[in-house]
Amino acid sequence: MSGRVAVCAVAQIKNEPDIWYQRFQGMLFECFESIIKQTGVTFDMEKGIRNIITCSDDVFDARTISDNGVTDAVGAHFRGEEKAAQDGINGLGYAMASILSGHDDLVLLMGHCKESQSESRNMCSNLAFDPFFCRPLGLDFLNAAAFQARAYMNKSGVTDAHLAKIVSRSRKLAAKNPYARENDPITEQNVLESPLLADPIRQLHQYPVTDWAVGMLLCCEDRAREFTDNPVFLTGFGSCMDSYFLGDRDLASNFALKKAAQRAYRMAGISDPKKEFDIAELNDAIAYQLPMWAEGLGLADENQGGEWVASGALDAQHVNLSGGMLNGNPIMLGGLARATEAILQLRGEAGDRQAEGAAKAVAHGTTGPAGQHHAVIILERQGV
Amino acid sequence: MSTATNDCFIVNGKLALPYQYFAGRAGSRFIISLRDEKKIRGLKCQKCGKVFVPPRATCETCFEDICENWVDVKNTGVVTCFTIIRYKEPHQPVDPPYILGLVKLDGADTPLAHIVKGVPLSKMKTGLKVKAVFAKKTTGGIMDIDHFQVVDDKPKFEMGYSYDELEIGMSASFTKTISETDVYLFAGISGDFNPMHMNEEFAKMTPFGTRIAHGALPQSLIAPVLGMKLPGLGTVIPEITVRFKRPTYFGDTITAIGEVVEKIEKKRWVRMELRWTNQKDELVAEGSCLAIPPMPFNK
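Line by line, the protein sequences give chains H and A.
The first sequence begins at -3 in my numbering and counts up by one.
The second sequence begins at -3 in my numbering and counts up by one.
Rather than coming from a laboratory, the hints here were simulated on the basis of the structure.
Cβ coordinates follow ideal geometry from the N, Cα and C atoms, glycine included.
Misleading hints may appear alongside valid ones.
[Stated by the list, open to error] Quick list of simulated restraints, FRET-style, between CB atoms:
| no. | chain 1 | residue 1 | chain 2 | residue 2 | range |
| --- | --- | --- | --- | --- | --- |
| 1 | H | S190 | A | L13 | 32 to 40 Å |
| 2 | H | P191 | A | L13 | 31 to 39 Å |
| 3 | H | A93 | A | K119 | 50 to 58 Å |
| 4 | H | T155 | A | I236 | 53 to 61 Å |
| 5 | A | K152 | H | T60 | 53 to 61 Å |
| 6 | H | W16 | A | L13 | 21 to 29 Å |
Take the sequences, apply the hints, and build the full model.
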């Protein structure tokens, strides 16, 4: 182990509903050029980037081994390249392992997803299910989440009104974020009146179709100052995979998230998650998930999600000041977008949404139906 | 952007690729049972006792090989969670709106996702009992179960008062006017064509001076009280005693009354006092019975 892992630079394009005029390679290339420009990093095989981690999804890209389509745009030819086919936040965990093990000094992490390309997100996520028992029934990430929403809301006192509050808050906050998808402002009443898609999930409870790309340069602590004066350190990471079949899981239990959080907290020495974080960014693809994941992360008390939302804890604990995934980030990048926001906050570069003096943050990502897999990462500002 | 996007060309594409998937050893057995026997089978972990449906070759908790431990599970189960699908997309098996449920089959531990029918959407709730309805034509897969139908687990009949519901002092009655036709029909039922009930000229010679009903005819009017009112449906009467006090003449209106007078805790039976009166409130007969109140409804 050589100290900590530093994020030296982040670059992102604006989240948009349909970047029809640009290929995802072009979206990545914008981020890539920005990273080079910000850091002056090279591709020298001794001192530069020798390894690149990409994050993408085959079905959303309509191309198997989807990284094959982008390697040239992210500088990955003639060197190591590996792909994370889970939420991109796992790419961060993987980059940490590469650097902490001494395998690499530098890792370039690049993620993209263009949800607008396919006719239907739900048809894509239907393909995440086995072809024998689940896919023929039309299971997809939306209806799988609906099972979980019902089970969780029943247990935690989260109501339709709480969800409306969460969604309208997300839109208000995201309006301050220049990288956020531009959405129509909505009231709580609009949310309450939006049509049910899969009870109890309404249309406005779900994040909108979004295209986005992001890049980060990660480096061992010893060399971080070569690339930035303002590094953010990754001090803890944990992940956990729950059972595949929905019926095998206790859908309202947060089992995998609790395990992932425990592992990340132990690594980073977190003992009181309610008090220790200045920023919390949670992967809320659907509104009910925000209080649910907050419980799993220990930001809210067990089974008290409804009370937690009503109490104003979201603002008090600086949860999803970015607007969260609810405002629009693509699938597979919801968690990496959370980490991106946490990094900007810790660097003091979050503009109008900046939390004064933010020093420590938790970011969370989830992959698979109804939160099957969770990853938690702890980030700290320099000098903490 | 107007000039930058002048020559942007969108290529239409489609991914459509036929596949053949081997269902696995466990999956094959499961699907073949569904197809050939209309039987749902699960695999049981001998170590933790969990029964998996859909089947798994290995218990994920115990790491036990369970691929030969087949057990039959029932075609009935309970909905543990559900959603109502209201959006319409091509990957769906039926047109929305429809109910997608997690169904825990009786004998299995892991609920199975499937379509639920047989209840209005507004009345759908977790905990409903369902039964598998098999598809008319096999497709060799999970859709050999067409859907799960909600079964009404409420009794079709309103059962009588249970022992615990019965209180001393509760009473019920039944009233009927006895006609010549009733008496003649009762003679046919019992075979008792005694001329004192049938023949007015003969009856004039008896102490009653006219035809009277068979004693058992007014007595039988207590049966609708005990069997249909108090205690009610499901009651068994192991003993009944009657003393006849007055004759019943044709045209008399008889009221049979039963009243709970004792709860016999040891046997969980009740004792009831019985009375028969006519339209003049004269006592026609009196007696008592033992009643075994209905047991909890037996499906």
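Comparing the hints with the structure gives:
1. One distance hint, 32 to 40 Å for the beta-carbon pair H:S190 and A:L13, holds here, with the actual separation near 36 Å.
2. Distance hint for H:P191 and A:L13: a CB-CB separation of about 34 Å, consistent with the stated range 31 to 39 Å.
3. With their beta carbons about 52 Å apart, H:A93 and A:K119 fall inside the hinted range of 50 to 58 Å.
4. For the pair H:T155 and A:I236, the beta carbons lie near 59 Å from each other, so the given range of 53 to 61 Å is met.
5. The hinted window of 53 to 61 Å between A:K152 and H:T60 holds, with their beta carbons roughly 57 Å apart.
6. For the hinted restraint 21 to 29 Å between H:W16 and A:L13, the CB-CB distance of approximately 25 Å keeps it satisfied.
Checked against the numbered hints listed earlier, the structure breaks none of them; every hint is satisfied.
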